[in-house]
Amino acid sequence: MLRLPPFRYLAPRTLSEATRLLAEEGPAAMPVAGGTDLLPNMKRRQFTPAALVGLRRLHELKGISGSPEVGVRIGAGETLTSVSTHPLIRTHYPALALAAAAVSTPQLRNAGTIGGNILLDTRCNYYNQTEFWRHSIGYCMKRDGSICLVAPGSPRCWAISSADTVPVLVVLQARVRLVSVRGEREIPIQELFRDDGMRPYTRETDEILSEIWLPPAPGWRSTYLKLRRRGSFDFPILGVAAALRREQDGRIGDVRIALGAVASHPVEAEEAMAHLRGQQPTPALLQEVAALAAKRARPLDNADLTITYRKQLTPVYVRRALDLLLGAEQGSGAK
Amino acid sequence: MRELITLRVNGERYEVAVLPHRTLLEVLREDLGLIGTKHGCELGECGACTVLLDGVPVLSCLTLPLEVQGAEITTIEGLEERGRLHPLQEAFAELGAAQCGYCTPGMLLSAAALLRQNPRPTREEIKQALAGNLCRCTGYTKIYEAIEAAARRLSAVHEDERQPDAALQP
Amino acid sequence: MDEWRRLQPRKAGPYRVVGQPLPKVDAYSTVTGRAVYADDIMLPRMLYGGLLRSPHPHARILSINTRKARELPGVLAIITGEDLPRKYGILPSSQDETALAIDKVRYVGDPVAAVAAVDPDTLEQALRLIEVEYEVLPALMSIDEALAHPDIKIHEEARTGNIHKAVSYEFGEVEAGFAAADYVREDWFYYEGNNHVPIETHACVARWEPDPHDPVGGKLTLWSSTQTPHYVHREVSKVLGIPPSHLRVIAPHVGGGFGGKSDPFSHEICACELARRTGRPVKITCTREEVFLIHRGRHPVKMWIKTGLKRDGTITAMHFRSFLDGGAYGSYGVATTYYTGALQPVTYALPAYKFEGMRLFTNKPPCGPKRGHGTPQPRFAVEVHLDKIAADLGLDPIELRKRNLVRPFSRTINGLRITSCALEECLEQVVARSGWREFQAARPAREAEAERRFSPVRYGMGLAVSTYICGAGKPIYWNDMPHSAVQIRLDRGGGVTVYCGATDIGQGSTSVLAYIVAEELGVEPERIHLETADTTLTPVDLGSYSSRVTFMAGNAAIQAARRLKELLHSAAAERLRVPPDRLESGDGCIYSVDDPQVALSFEQAVQLAEARYGALVSAGSYAPPEDIHGDFKGAGVGPSPAYSYSACVALVAVDSETGEVKVEKLWLAHDVGQAINPLLVAGQVEGSAYMGYGEALMEQQIFRKGRHKIPSILDYKIPTTLDTPEIETILVGQPDEEGPFGGKEAGQGPLLPVMPAIANAIYNAVGIRIDEVPITPDKVLRALKAARSEPGERPLPPPRVTPIALSEPWPARLIRWSPGHAGLAEQPLKLMNGHRQYQEQGESTPQGAATPPSRLPQKGGTA
Ligand SMILES: Cc1cc2nc3c(=O)[nH]c(=O)nc-3n(C[C@H](O)[C@H](O)[C@H](O)COP(=O)(O)OP(=O)(O)OC[C@H]3O[C@@H](n4cnc5c(N)ncnc54)[C@H](O)[C@@H]3O)c2cc1C
Ligand code: SF4
Ligand code: FES
Ligand code: FES
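Same order as they appear, the protein sequences are chains S, E and F.
Under the working numbering, the first sequence has 309 at position 309, and the numbering climbs by one with no breaks.
Under the working numbering, the second sequence has 168 at position 168, and the numbering climbs by one with no breaks.
Under the working numbering, the third sequence has 624 at position 624, and the numbering climbs by one with no breaks.
Derived from the structure by calculation, the hints contain no laboratory data.
It is possible that some hints are incorrect.
Some chain S residues flagged as far from chain F (calculated, every beta-carbon gap over 10 angstroms) [said to hold, decoys possible]:
no.: 1; residue: P6
no.: 2; residue: Y9
no.: 3; residue: A11
no.: 4; residue: E24
no.: 5; residue: G54
As a list, the in silico EDC-like pairs of lysine to aspartate or glutamate whose alpha-carbon atoms are at most 20 angstroms apart [said to hold, decoys possible]:
no.: 6; chain 1: F; residue 1: K665; chain 2: E; residue 2: E145
no.: 7; chain 1: E; residue 1: K127; chain 2: F; residue 2: E793
no.: 8; chain 1: F; residue 1: K662; chain 2: S; residue 2: E131
no.: 9; chain 1: F; residue 1: K705; chain 2: F; residue 2: E192
no.: 10; chain 1: F; residue 1: K705; chain 2: S; residue 2: D301
no.: 11; chain 1: F; residue 1: K665; chain 2: E; residue 2: E124
no.: 12; chain 1: F; residue 1: K705; chain 2: S; residue 2: D144
no.: 13; chain 1: F; residue 1: K709; chain 2: S; residue 2: D301
no.: 14; chain 1: F; residue 1: K665; chain 2: E; residue 2: E125
no.: 15; chain 1: E; residue 1: K127; chain 2: F; residue 2: E728
no.: 16; chain 1: F; residue 1: K68; chain 2: F; residue 2: E145
no.: 17; chain 1: S; residue 1: K62; chain 2: E; residue 2: D54
no.: 18; chain 1: F; residue 1: K388; chain 2: F; residue 2: E772
no.: 19; chain 1: F; residue 1: K662; chain 2: E; residue 2: E125
no.: 20; chain 1: F; residue 1: K662; chain 2: E; residue 2: E124
no.: 21; chain 1: E; residue 1: K127; chain 2: S; residue 2: D301
no.: 22; chain 1: E; residue 1: K127; chain 2: F; residue 2: E664
no.: 23; chain 1: F; residue 1: K709; chain 2: F; residue 2: E145
no.: 24; chain 1: F; residue 1: K665; chain 2: F; residue 2: E728
no.: 25; chain 1: F; residue 1: K87; chain 2: F; residue 2: E71
no.: 26; chain 1: F; residue 1: K709; chain 2: S; residue 2: E131
no.: 27; chain 1: F; residue 1: K709; chain 2: S; residue 2: D195
no.: 28; chain 1: F; residue 1: K219; chain 2: F; residue 2: D182
no.: 29; chain 1: F; residue 1: K709; chain 2: F; residue 2: D778
no.: 30; chain 1: F; residue 1: K705; chain 2: S; residue 2: D234
no.: 31; chain 1: S; residue 1: K295; chain 2: F; residue 2: E451
no.: 32; chain 1: F; residue 1: K310; chain 2: F; residue 2: E209
no.: 33; chain 1: F; residue 1: K705; chain 2: F; residue 2: E135
no.: 34; chain 1: F; residue 1: K104; chain 2: F; residue 2: E82
no.: 35; chain 1: F; residue 1: K662; chain 2: F; residue 2: E447
no.: 36; chain 1: S; residue 1: K311; chain 2: F; residue 2: D182
no.: 37; chain 1: F; residue 1: K705; chain 2: F; residue 2: E209
no.: 38; chain 1: S; residue 1: K311; chain 2: S; residue 2: D195
no.: 39; chain 1: F; residue 1: K68; chain 2: F; residue 2: E133
no.: 40; chain 1: F; residue 1: K219; chain 2: F; residue 2: E209
Virtual Cβ for every residue (Gly too), placed ideally from N, Cα, C.
Generate the whole structure from the sequences, applying the supplied hints.
As structure tokens, this is what we get:
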């Protein structure tokens, strides 16, 4: 039986108590929400925090409220199940509902939170392995070692941003609120991420992600497509989030495309978006846009299936996402 | 350091001293003797350890007992009531939905939560609800059939219970 | 050739229990969580045990220092290789394992030391404190590497390089066969290894009860999630030097096996030794990662096949070569090697057949038996190869197969006896039920519709047929003792207790015993109490492997039950004044067949019989008949008292833009003879189809830098509810003459045709061939891109199996054998051991009295 390493468990009742505990305990303490990412990682000894600060009881992290006109606030402690089934989100931010519902399994979505999903540790199949395995291969720089086992010459870690909701939140232009004893800040979600597999978030260790805010999205359609091997359990090996708004005359008023699981952070396909903006969509144009978006995908050999395959599927998935949004007769995939 | 906590499991209160790093799975099995909850990975990857937390399926291998004090925990031992089997249990037994039986407690709890929420699920809805429970023996077919049979039986019972009321209607 | 038909006197139908879809006898304990599995056993003062495993794929152990670990409070015992130096292994010919490595480790995960501690945290700390110094050696991680580097020896004992076993056979005149062919085709195939992934990880608890008066010092009990308590008993006793009489091995409920719990394991032996040393119970539960490391799963096999045919599709000769990647130890590998060649002639009537097989050692976890043991790989190769041939010759794949199917009641070119065989009916059934012909006819319309809708999805149907054994004809240790035995005890209150060593791993073998005994004694199965899989309480059954339990333990149970029945009937006859042969048992009574009103209750009959004969206990046993195989060396693998047959049609949807394959439906027809419980049979067929589906598309035990790449059930993919196709089961066939009530196996055979059926369906859908399992979407896409590349594009070449070029001749002496001419080797028919007794007692068969002396057809002789 794989077991957890010892730790102290702290159970604050309010957000301010939680931030105080985090500040007092220092970086050796970690917040735990649903625990569905952190606890397996701890069982594999990827993390051995001295203390866990439980976020479950914090009512400040709960609730989904707002309207399509003013925008919607989601407490970071809401479970993926409640996010994916909430009528407000299903109707007005369907991509988020799709992405949340595509995470892992029903049981994990019942416990896992959206906050935890956003702050999911980056993944790599040299790293998401037991202590025994990592010891066997000699560890890598993300934990206990000094080199990168995927790209041994590289000075950095290429672990993959693998959260399903993240590319969606990027295309929805979500903002997140971070709270600590030092104060609060609200930032566009893109600013939370860093292109660094080892330290993928700009969140300071004493900060708690308290809520996510989705701006109003009148006239926007959005979707999320996920590449994985099985119908459940599996992390994305490619996630494509797309949102667009059409003009009266059918031209693309605005479009946003973000890719997940192709780098250490969610990747926005700027060139592709610019190419499509203001245009009348045609199959040939969409093909070009998809190819441009795919240029941003540079997978390494640290996730399921081959690099070539993940790379080859990126334009296909981007095009299919756009087809879906444009309501075109599209070839639905076998899955 | 052990902490004294109170857990509500299958309607009973248990006071136990637990180490904070023991999971609910370990405490149920090793401290409370509720060995009906199984485990096949301890990493959230199989669903064998599924229990209900206030009626909602979660994985006991990734749940800290300290966090679920106050919640009602249901394990397989709590699915039968006073020796009377849940219709799902009957259907699983009669229709061959349990082969080695190791995934069965987790399957049954996921299925019970489904039927409570959705008394007449479609095959597709059943598949979705069980998408977090792996079975290596059955190929799942007999499990679906058993859940469908139990759903029919349960709704027949409900119909019966409604009969007297219905009779009062003009 | 009808002798066999009369071999088994069978109870006349209609049956009351047999053939009914009854719940399994343990169904209520499993659905309520009452069933106790090995890890559920918690004994007072129990210690937690664990193994320190090698971090290197190949290394010499220079030193082991356990001092720091020993000093840790709460650590009660530590053992290393020196403490248990005796070698063991499941096969007598491959005694190449030690419980803990002595001077060398041969794969990442090879156990080096074992610890018992008071709690799991102390255990973990102690394991970390053991210091092992290694000299790392170069590792061989594939068949090709193992062949290329005979200088790097994984086992000193291997005669040539890293070749563990090589065999070579020629049956009939192969060269002449090829010379007579109008068409010859050769292909290479590769089948990647995979793991059983039972949801229950291996676990065991050992308890030592000291007895100072006993020269052995005490007695040991081991509860283990094993499929083969008998062999675990044997090996633990050997390694620990404890006489078998002092050791008791019990298999509690087992949470799935599929072959993965068939070897004696290091953790079992170490738990026993740690318990003996500490005087306290010790539990060792493997983690999921450890299950991938101890493995014993499907061998990766590279295969070459060459077939010659007449223009009409009649096969004239086949030559088959297999190269098995055995991993670091022998396990069942010698048998697996033979199995890769043995059953080809049991599916198709081959007039000439050459088989060469070789198993290599590599620095990977040892491979062993998995559902279908050594036969899914060649089945994949043969069935895809034949599909290609059908396309080459413009023949219908169904007709091509039909032309060559093996015939019932025949002898194969390699000397195997075929009895009941409904293969053709299986084939016809799947074809009819799947709407194969209509599907193929509608192809142009379907394609046109897809084009019109710009759909990238293409549909295809593929088909394959297969064969499997109903129990190995030979035990692992060749001897004349029964393969299975059953005892039955009746008590005065009418209770029936059945004792049998057979191990239920979920397939329902215990239930089958109950049904059979209930049917014979005419009582309801719920009355029966079962004691199984306990080497002290129950008579030997060799174990749950090779699909042998229903057939063998079932026949033993019939014999034991009939012996009791005879006593009951003779006692009842006296009281009822009815001749014993006019009595029958049923519905809890013994009654006169002429006047069912003349009856006694079962209880009354038991009391009368006990008064007259004393305590009512009987035993029955079974060993397969002798004359079911040829008389050459190596003929012991392949023979079986009967064979099951299956056919499968797969319907797939292939996304030609992504290479993703969705299996929409599998139709599986299986010849199980008489289904003793159709519910359980369907369950076995569905489970096999599911597992075959996983093997075809996603499952693979793969390695990178000497390490298992994906040792978790998140990364090693097994199908979920959302992936698994719909499965339609079709049971066909007539009761087998030797099977218990006519039953044959269903636990493994139905897996076999699934992988090639899917591969053939993919070809049917998009016209590409992937000759390698699993068929992952990246391979499909690569093949598609290569096939439809536009001018100017430079796609990757399609995936292709690299052939093995042997510079040396095949490293095994060729054994040539042909079935002799009729009349050369005629012998009187030997009766099956299990039933000899009846014949001697002159029990009558439904057809009449004792079997007349008869002749075996075409008993072979060495050429
Ligand atoms: C088998 C399996 C499959 C999975 N599949 C997927 C998948 O397909 N897609 C996917 O996206 N995820 C997947 N996951 C990961 C995980 O279940 C989800 O990402 C989940 O949303 C994580 O949320 P949580 O609340 O459980 O996070 P936790 O584990 O509690 O936390 C994750 C991290 O975030 C930090 N954290 C959490 N909340 C806060 C907060 N409010 N403020 C500051 N820090 C915080 C924690 O300290 C920790 O570092 C899978 C997990 C498993 C075990
Ligand atoms: S990308 Fe390199 S450094 Fe990062 S986790 Fe993987 S192996 Fe380690
Ligand atoms: S034990 Fe596998 S999910 Fe909990
Ligand atoms: S019944 Fe064995 S794993 Fe489901």
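Below or equal to 20 angstroms on CA atoms is what counts here, so check K665 of chain F against E124 of chain E. holds, 15 angstroms
Would the hint linking K127 of chain E and D301 of chain S be met if the CA-CA limit is 20 angstroms? violated, 32 angstroms
Within a Cα-Cα threshold of 20 angstroms, do K665 of chain F and E145 of chain E meet the stated pairing? holds, 17 angstroms
Holds or violated: are the alpha carbons of K709 of chain F and E145 of chain F at most 20 angstroms from each other? Holds - the C-alpha atoms of E145 of chain F and K709 of chain F are around 18 angstroms apart, at most 20 angstroms.
Hint consistency between K705 of chain F and E192 of chain F [alpha-carbon to alpha-carbon, up to 20 angstroms]: holds, 17 angstroms
Given the hint that K662 of chain F pairs with E447 of chain F, does the C-alpha gap stay at or below 20 angstroms? holds, 18 angstroms
Going straight from one Cα to the other, do K68 of chain F and E133 of chain F come out at no more than 20 angstroms? holds, 15 angstroms
Using Cβ atoms and 10 angstroms as the threshold, tell me whether P6 of chain S really stays out of contact range of chain F. violated, 7 angstroms
Is the straight-line distance between the alpha-carbon of K127 of chain E and that of E728 of chain F 20 angstroms or less? holds, 17 angstroms
Between K662 of chain F and E131 of chain S, does the CA-CA distance stay at or below 20 angstroms? With Cα atoms ~36 angstroms apart, K662 of chain F and E131 of chain S exceed 20 angstroms; violated.
For a C-alpha distance cap of 20 angstroms, please report whether K87 of chain F and E71 of chain F respect it. Judged against 20 angstroms, a Cα distance of about 30 angstroms means the pair is violated.
Given the hinted pair K388 of chain F and E772 of chain F, is their Cα-Cα distance within 20 angstroms? holds, 14 angstroms
The earlier numbered hints that this structure contradicts are 1, 7, 8, 16, 21, 25, 27, 28, 30, 31, 32, 36, 37.
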